[in-house]
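This is what each chain is made of:
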Amino acid sequence: MKIPHSLFSRRVFLNSLIGGWLAALGAAFISPFLKFILPPTREPDQVSVPLAEVKDLAPHAAKAFSWGNKPGLLKKNDDGSYTAFVTVCTHLDCNVTFIADQRRFYCACHEGWYDENGLNVSGPPPAPLRRLAAVVEGDAVIVRKPG
Amino acid sequence: MGRPCLYGGHVGLEPAVMSERRLAMAAIAALVLLSSFASGMLETQVQTVPQAPVGPAAAKTPGQGTVAAPRPAQERMAVGVLLAWVWLSIAVLLGLLRLRVREADRVFRFGLDRAAGKTHQDPKP
Amino acid sequence: MNVLRAWIEERLGLRAVTGFLAKKEVPRHKHTFLYYTGSSILLFLGIQIVTGVFLAVYYRPTLAEANTSVARIITEMPFGWLVRSVHSWSATFMIAFVIVHLLGIAFTKAYRKPREASWLTGIMLLGASLAFGFTGYLLPWDELSLAATKVGTNFPKAIPVLGAFLSRLMRAGDDVTGDTLSRFFIFHVSVLPLVVMALLGLHLFLVQRHGMSIPLQEERKNVKVPFLPFWPNFVFREAGVWLVLFGLLLTVAVVFAPGLGPQADLMAPAPEGVKPEWYFLFMFQALKLFPSKILGLNGEMIAVLAMMAGFGLILLLPFIDNRPFDRKGRVITGLVWAGLASTVAMSVWSLL
Chain A
1 MKIPHSLFSR
11 RVFLNSLIGG
21 WLAALGAAFI
31 SPFLKFILPP
41 TREPDQVSVP
51 LAEVKDLAPH
61 AAKAFSWGNK
71 PGLLKKNDDG
81 SYTAFVTVCT
91 HLDCNVTFIA
101 DQRRFYCACH
111 EGWYDENGLN
121 VSGPPPAPLR
131 RLAAVVEGDA
141 VIVRKPG
Chain B
1 MGRPCLYGGH
11 VGLEPAVMSE
21 RRLAMAAIAA
31 LVLLSSFASG
41 MLETQVQTVP
51 QAPVGPAAAK
61 TPGQGTVAAP
71 RPAQERMAVG
81 VLLAWVWLSI
91 AVLLGLLRLR
101 VREADRVFRF
111 GLDRAAGKTH
121 QDPKP
Chain C
1 MNVLRAWIEE
11 RLGLRAVTGF
21 LAKKEVPRHK
31 HTFLYYTGSS
41 ILLFLGIQIV
51 TGVFLAVYYR
61 PTLAEANTSV
71 ARIITEMPFG
81 WLVRSVHSWS
91 ATFMIAFVIV
101 HLLGIAFTKA
111 YRKPREASWL
121 TGIMLLGASL
131 AFGFTGYLLP
141 WDELSLAATK
151 VGTNFPKAIP
161 VLGAFLSRLM
171 RAGDDVTGDT
181 LSRFFIFHVS
191 VLPLVVMALL
201 GLHLFLVQRH
211 GMSIPLQEER
221 KNVKVPFLPF
231 WPNFVFREAG
241 VWLVLFGLLL
251 TVAVVFAPGL
261 GPQADLMAPA
271 PEGVKPEWYF
281 LFMFQALKLF
291 PSKILGLNGE
301 MIAVLAMMAG
311 FGLILLLPFI
321 DNRPFDRKGR
331 VITGLVWAGL
341 ASTVAMSVWS
351 LL
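Protein chains in written order, with the numbering used here: chain A, 1 to 147; chain B, 1 to 125; chain C, 1 to 352.
It is worth saying that the hints were derived from the structure and are not from the lab.
All figures in this text were calculated on a predicted structure; none of them were measured in a lab.
From the three backbone atoms N, C-alpha and C, an ideal C-beta is built for every residue, glycine too.
One should not assume that every hint holds.
Partner residues aside, some chain C positions facing chain B, computed with beta carbon under 10 Å [claimed, not checked]:
id, residue
1, F79
2, W81
3, A172
4, W231
5, P232
Restraint-style ranges between C-beta atoms, simulated for each label pair [what the hints assert, rightly or not]:
id, chain 1, residue 1, chain 2, residue 2, range
6, A, I37, C, M1, 30 to 40 Å
7, C, L194, A, G26, 20 to 30 Å
8, B, L83, A, N95, 38 to 48 Å
9, C, V3, A, V12, 32 to 42 Å
10, A, V12, C, L351, 46 to 56 Å
11, B, L83, C, V191, 29 to 39 Å
12, B, A26, A, I3, 13 to 23 Å
13, A, N95, C, S190, 33 to 43 Å
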């Protein structure tokens, strides 16, 4: 279909092509730069806590360990097994503490409370504490991501 | 009505609505931008998860010099693709720039910008 | 689009600038290609700023972590080795173009009246660029960079009266320590950028104010020189030059990515093959050549004073070459060529 006038002038057309391709060239660099700026901070696949450190714990007592960059807690259950928590408050990421004689977790930032199973019972925390799988293997307790 | 424009020697009027040319330009621009952004993403996508643990895979004895070559094979490929894209783009852009420079020189030589100034004010040559 | 432009124009009134740029002209002659050198420096400076910021995001400027943080960048961060390589190579390219730019101005005598101030700010910018290179070289804190810095901060001591003070100022004391690193770091990322911005602003303003200089050789002919409009004719040509330079830089950076030496040990003996970056090689060689005593005076002091005299001459060249069209001007051109030849020769010699 023939149109009575040109859609673009030669100048505008060339300017647009140049500008467009320059933008495309630049766009190819965005992703590598972003990858550089935001490197993956990966959590460990598993953490090994020596059995010697935890086998003498009384039931409902706990020992802290490091889950990558985050703090963790290994709690002994009645039947001798262990439960592992990531002791980061689900409200705004403060580190929570375990008050052994009350068998509760407490977050000092906004007075959030969790019970001994990590369930959020009082204060602002919207969700229970994150749990990890803890299995005794040989002379260590292996903590892994659940599932 | 749209603003007056010089088309092939005669003065015409640009259609006032979101004209076909604007639409066409926008569509082309979006397509090119999106595809190159996507290609950039794809080429780096290849080296996401394995990157961190594989990282310093080459032999690096402590206390010796580190050699900075692209390590994981995926990153090496990504850089190769990036370099190829850069040189392809440079070739294309140089060609386009050559056309544009010829156009600009032609305009200057024949005094077309000054002549056009008499019929309308187009600040962008 | 035009609505946006009108909105900005009503508030910022940039028509003065855009109007000026629209009318700016570039003389067209045999040496027009030299006009690309200045803006190429800007290209590399821009790249340095961008890559520098990216590096600074992970670099740790302390004695304990400098070397390991650089190692982390080049081995663990995605494309970190490339960012660092580009930064390192772009420094070389930038200083190379600064030198080419200087030579172009010198041989076309573009520094003659009324452009003396442009030359002065230009030489100061050269000094700042060299300072950038010098301070940046220490930051990876490996054996070679520590040795080079020790030498580099030692030789100002040979300057009479102020020498020892200058050296202690640079080193933050009598020896190169972690404090030296901190000092060099803040100079590299803060003080020098501010200085360069100020000098560059002045330099660019002067260049726009006076327009592009016509080479001596052309002015001599007494014929009116044809010209190109800056926008769009020259700018689009310049864009092509920038693209090619960028491609070259990236290719060199990918193929010849630098590594990292072992962490510097303040107590260890100097490693073999200590040498500074290429732009300081001629000074390095000159210092090696001078005998330790000349006519009873300290040889190193004579060498340093001679070098300072040389830099002084370069700085004051527009005032020395006050009759560029006469025989005096030709003699000076010959001397500049001789200076260039000897600098290159000294640099090459130091590598043999």
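Quick check on a hinted range of 46 to 56 Å for V12/A and L351/C, using CB atoms only. With Cβ atoms ~53 Å apart, the hint holds.
Taking the beta carbons of N95/A and S190/C, is their distance inside 33 to 43 Å? Holds, since N95/A and S190/C (Cβ atoms, about 35 Å apart) stay within the stated range.
With a cut-off of 10 Å, does the beta carbon of W231/C approach a beta carbon of chain B closely enough for the hint to hold? 7 Å, holds
Verify the CB-CB distance for L83/B and V191/C against the hinted window 29 to 39 Å. Holds, at about 35 Å.
Status of the F79/C interface restraint (C-beta, 10 Å, chain B): With a closest approach of 7 Å, the F79/C hint holds.
Is it true that A26/B and I3/A lie within 13 to 23 Å of each other by Cβ? 18 Å, holds
Are L83/B and N95/A spaced within 38 to 48 Å by their CB atoms? Roughly 45 Å apart at Cβ, these two residues keep to the hinted range, so it holds.
CB-CB spacing for V12/A and V3/C relative to the 32 to 42 Å hint: With a Cβ separation near 18 Å, V3/C and V12/A fall outside 32 to 42 Å, so the hint is violated.
Could you say whether the range 30 to 40 Å given as a hint is met by the Cβ separation of I37/A and M1/C? 32 Å, holds
Does the hinted range 20 to 30 Å hold for L194/C and G26/A at CB? 28 Å, holds
With 10 Å as the cut and Cβ atoms as the points, is A172/C at the interface with chain B? 27 Å, violated
Can the hint on P232/C be confirmed by a CB-to-CB distance to chain B that is less than 10 Å? For P232/C, the interface hint holds, since the closest Cβ of chain B sits about 5 Å away, which is under 10 Å.
This entry does not satisfy hints 3 and 9, going by the numbered hints stated previously.
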